[in-house]
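Undergrad: Sequence:
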Amino acid sequence: MFTPNALESMYLHTQNYKGSLEAGGEVFSRTPHETGLVVDFIAGPDMRDKRGPCSFIPDPTAATEMRMLQFDQNRHAVGLWHTHPERMPQPSNKDKRTGELYLKSLDGQLDSYLMLILGNSGDPLNLCVWSVSESQGLSWIRLIEK
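Position one of the sequence shown corresponds to residue 1 (my numbering), numbered consecutively onward.
These are computed hints drawn from the structure, not numbers from a lab. No false leads were mixed into what you were given.
What follows is a list of derived Cβ distance ranges for each label pair: (1) P4 / S135: 29 to 35 Å; (2) Y17 / Q109: 36 to 42 Å; (3) Q109 / G137: 17 to 23 Å; (4) I57 / T35: 30 to 36 Å; (5) S121 / T61: 29 to 35 Å.
Subject to a maximum C-alpha distance of 20 Å in a straight line, what follows is the list of computed SDA-like cross-link-like pairs (lysine to any residue): (6) K94 / D59; (7) K18 / S121; (8) K96 / L143; (9) K94 / I141; (10) K50 / L12; (11) K94 / L138.
None of these values were measured; they are calculated from a predicted model. Ideal Cβ placement from N, Cα and C applies to all residues, glycine included.
Take these sequences, add in the hints, and give me the full structure.
TA: If you want it as C-alpha cells, here you go:
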C-alpha cells in the first residue's frame, strides 16, 4: 500500500520528544481507483503550514500548489496524513470532520478517503490508517495490514 519513500517521508516528522510539532499533508497515488491502491508520494509539511504540539493546519495555497504539481505527474490526492504525540494514534473528532470535508469536496470522484496518523513508538513506527466512505453514509473503518 505504501512505497518505502512515502513511508520515510512521514517517519522524518515523528513527534518523538516533548514539544515537537505536529506535521502533515496530503497522500498521493497514481492508482486512485485501483483495489490495490499504492501511495507513492507524501506531501508536507510546508513551511507555510501552522503547526503546534497538538495541531496541524495546512496552508491552503501551499496545498493547492502541491496538488496541481502532483496532478501534472499523474498523481491524485487520496488522503491526508499527520502525526500525533502518542503511541497508538486515534483520529480525533476534528480529524474525522476534516477527512469527511475533503471527501465531500471531491464531488464523487473517489468513493473513500484515507486518514493516516503516525504515532511516536514502535518498530516500525505505529501508523494507523482509516478510510471514510460516502457510500456507507460517511462511515469510518480502520484498515489493518495482513
